[in-house]
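Chains as they are written, first to last, in my numbering: chain D, 1 to 303; chain E, 1 to 617.
It should be emphasised that the hints constitute simulated quantities derived from the structure, not laboratory data.
Keep in mind it's a predicted model, so treat the numbers as computed, not measured.
Any given hint might turn out to be false.
Unchecked claim - Okay, derived cross-link-like pairs now, DSSO-like style, lysine-lysine, Cα gap no bigger than 27 Å in a straight line:
{"no.": "1", "chain 1": "D", "residue 1": "K50", "chain 2": "E", "residue 2": "K279"}
{"no.": "2", "chain 1": "E", "residue 1": "K254", "chain 2": "D", "residue 2": "K50"}
{"no.": "3", "chain 1": "D", "residue 1": "K50", "chain 2": "D", "residue 2": "K238"}
{"no.": "4", "chain 1": "E", "residue 1": "K279", "chain 2": "E", "residue 2": "K254"}
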Amino acid sequence: MTATYELSHLDLLEAEAVHIFREVAATTERPALLFSGGKDSVVMLHVAAKAFWPAPVPFPVMHVDTGENFDEVIAFRDETVQRLDLQLIVSRVQDDIDAGRVVEETGPHASRNRLQTTSLLRGITENQFGAVFGGARRDEEKARAKERVFSFRDEWGQWDPRNQRPELWSLYNGRHRKGEHIRVFPLSNWTELDIWTYIRDERISLPPLYYAHRREVVERDGMLLANTRFLTLLDGDKPYEATVRFRTVGDATCTGCVESTAATADAVVTEVAAARVTERGATRADDRISEAGMEDRKKEGYF
Amino acid sequence: MAQLLRIATAGSVDDGKSTLIGRLLYDSKAIFEDQLSAVELTSRARGADVPDLSLLTDGLRAEREQGITIDVAYRYFATPRRKFIIADTPGHIQYTRNMVTGASTAHVALILIDARNGVLEQSRRHAFLASLLGIPHLVVCVNKMDLVEFSAQRFDEIRDDFRRFAMKLEVADLSFVPISALGGDNVVQRSAAMPWYEGTSLLHHLEEVHVASDRNLIDARFPVQYVIRPQQANNGDLHDFRGYAGTISGGVFKPGDDVTVLPSGFTTTVASVWGPGGKRIDEAFAGQAVTLQLTDQIDIGRGDLICRPANRPHTGQDIDAMVCWLSSEATLTPGARYTIQHTTRSTRALVKQLDYRLDINTLHRDETAQSLSLNEIGRIQLRTHQPLHFDPYRRNRETGSFILIDEATNSTVAAGMISRPTQHEPNVVWHSGAVSRGERATRGLTVWLTGLSGSGKSSVAVEVERRLVASGRPAYLLDGDNLRHGLNTGLGFSAEDRAENVRRVGEVAKLMADAGVVSVVSLVSPYRADRDRVRAAHDEAGLPFVEVFVDTPLEICEARDPKGMYAKARAGEITGFTGVDDPYEAPQSPDLLLRPEDGDVSAQATLVLTLLERLEA
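Using the sequences and the hints, build the whole thing.
Dropping the structure here:
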């Protein structure tokens with residue numbers, strides 16, 4: 001009779017995410033999960049697999065491939081999809097460039113990051129997805145802190161932050177007309193530390209980039225960028241080797257790494273708990289555009 | 001193990017709400033250097049001397065431009081004891097719909113009051129909304145104490161003023177903290193500037209506030225969300241697996257539990273309980289997302305509800321509810337039809353009647369109102385197409401809440417909190433020369449608690465009587481032992497005497513019920529036939545009779561032995577003692593079964609009262 005009937009906060013966050021997955025699977029036609037091989041999407045997929053046990057995950061995964069991803073991440077993506085016996089749909093930015101739907105940026109700071117929106121929306125339309133799971137978290141960025149768990153997108157894929165659906169209790173309204181869709185964020189209430197603690201506790205495997213390793217880097221605007229085949233070296237860039245790890249993994253052109261010796265999930269948890277700079281502030285050039293950089297991109301239909 | 005606490009704040013920049021949140025985040029080291037330097041940069045660009053911490057929480061361009069909070073933002077911070085989620089919601093009346101979004105799941109509401117201004121209309125509105133949404137803990141932060149010279153007298157004035165207003169609300173736990181968010185006084189650390197304040201700092205209070213008992217762990221409720229059927233031909237073990245997935249809305253479920261599935265009413269038992277990923281669970285409780293396997297193959301689908309046979313929710317199509325109207329485009333008017341989403345069930349609903357609109361500043365009920373528009377709150381009667389299985393919102397936020405969805409636009413247009421099943425007005429029929437039951441001020445009935453000596457019948461009966469009387473309802477306890485001193489003096493414990501004892505008590509109960517009183521009877525009444533005769537007499541008189549079986553195992557009764565009777569019976573000092581050397585015939589189908597696992601006396605009394613509410617629906 002000493003049962004306290006209490007859950008730890010991570011168990012509660014997992015329960016909330018499981019509830020959201022099941023709700024979408026039960027009520028929405030043609031859902032899909034956005035899977036990039038990044039840690040948040042890996043955790044999201046892990047929770048999805050747990051939500052439907054012992055049945056397989058009842059929806060496909062989609063990757064928006066800029067063509068400028070780290071090789072290790074693509075390899076990890078393919079292994080994971082095979083292990084869980086999932087259907088993988090890849091929507092390639094290169095296809096949109098080739099078809100003239102988007103024009104590639106030029107210059108030394110060129111990135112395909114913003115072009116992804118077109119490929120993402122094309123993938124959703126072509127496959128008629130009614131709901132798309134994303135791994136975005138509210139603690140990442142101030143515009144994301146404002147977004148609902150079930151976030152309505154109109155027929156243009158746009159988010160209207162001034163007119164979001166009220167979202168009360170655990171009653172989620174995913175109704176939409178054909179051509180519209182819902183972005184669903186099961187990890188909305190997780191923080192970076194929660195993600196890492198969960199990765200540690202659940203022994204979830206990640207692409208090796210997330211752990212400390214030796215690599216050649218270039219310092220730019222106070223950020224360390226990996227010297228890969230996608231990076232155009234500028235005059236004055238002096239590549240050097242350092243022990244680093246990535247806190248976020250996106251496009252190789254705009255994702256920075258940090259100096260770190262954290263080689264295990266345990267060590268990363270310790271490091272993240274003591275971190276004094278946000279993961280996106282430390283490592284994402286794409287968020288440094290302006291104060292409203294994320295809000296503007298999200299309105300266009302970005303992740 | 002760090003617990004999760006959800007906090008809702010309401011207010012505008014003027015109250016210092018953002019400064020307070022900024023202070024909590026900053027002092028608990030949840031603000032990062034890059035966030036702070038971005039805020040400093042923007043603040044300087046606007047000519048401010050100190051960093052404007054509200055820039056941290058107001059995430060939308062329009063909010064920063066206008067200097068107001070428009071929509072709810074979520075913020076996260078942690079101490080070694082707890083993880084906190086702050087839903088930072090707007091305070092302006094025109095954004096009430098966004099405030100209720102953030103407040104619907106909160107454990108604690110923080111209300112900010114500017115010490116210079118005292119309790120304003122806005123503070124009262126926020127407190128009312130927190131109470132309406134059933135947030136159990138309200139913490140009033142009297143802010144800007146530095147601007148009133150840290151005056152104890154000023155704090156007391158505001159506290160007393162707020163308490164007078166809060167007495168009209170349903171707030172379980174109300175506390176007050178004098179703070180200065182700007183200087184950090186009493187926010188994280190106790191302030192030396194207010195030695196007269198004997199309480200703890202705000203953060204310490206938030207770390208300590210007891211929320212575990214806010215959940216309903218008594219009424220087992222499991223709305224079926226999704227049916228898991230792997231049907232993989234290559235896996236023989238799983239081919240026949242059929243699991244019912246969902247999140248427990250109330251109570252506890254464990255293997256071996258008898259359960260009833262609604263609406264079919266089929267009763268079976270829980271075979272296994274699985275956590276996410278196939279973790280076997282011995283005992284699952286409210287808040288957990290699980291998968292249940294049942295022993296019988298029954299047709300069960302999304303929208304069904306699994307509960308315990310003797311503790312069912314209300315089932316019905318006519319519902320009284322408070323609603324907050326959330327649409328700027330349409331109004332709520334009687335006769336309108338919507339989709340209603342309640343737990344995992346969706347059906348259509350017709351607004352039959354608008355009982356009144358509530359002025360959320362004065363709590364005045366306008367019964368002449370014809371419609372509700374954006375941000376207005378009122379009470380309505382709904383009729384649903386399919387029956388819903390629900391509890392009052394006060395009893396369970398999950399099974400007592402719903403949303404209405406406009407079928408043309410798919411928008412969420414209303415948030416609803418169920419008060420109770422619609423009460424139908426009794427038909428008043430005049431009998432010449434006599435007062436009819438319908439004309440009496442109150443309706444009576446008999447609640448008959450039967451069970452072994454020491455089962456706790458009398459304790460529950462006392463509590464039921466106390467609460468009925470407290471709620472303004474005439475009720476009277478007829479206790480078997482006490483009646484033997486008067487009405488039943490001279491009767492012994494032979495079968496005949498017991499029968500006569502039960503008959504007399506039954507007749508008295510019936511008379512009192514007829515007079516409009518709730519007779520609460522606590523009597524061992526061991527023989528089924530005697531009790532059935534009392535029920536029949538009530539049926540004949542057209543009076544409700546509720547049989548409650550207090551099913552406490554003999555071992556427990558004997559261990560309690562409050563009057564030392566079991567000891568005497570075992571020692572042979574008395575004979576014919578029920579349960580020892582005289583039989584107890586348990587009811588075959590009691591209206592309610594109370595077992596020790598249903599909780600303490602108070603919890604058991606609640607079950608009785610819930611049943612009465614349901615019967616009278």
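Checked hints:
1. D:K50 - E:K279: Holds, because 9 Å separates the two Cα atoms, which is no more than 27 Å.
2. E:K254 - D:K50: Holds - the C-alpha atoms of K50 of chain D and K254 of chain E are around 20 Å apart, at most 27 Å.
3. D:K50 - D:K238: With Cα atoms ~46 Å apart, K50 of chain D and K238 of chain D exceed 27 Å; violated.
4. E:K279 - E:K254: holds (14 Å)
Hint compliance for this structure: hint 3 alone is broken.
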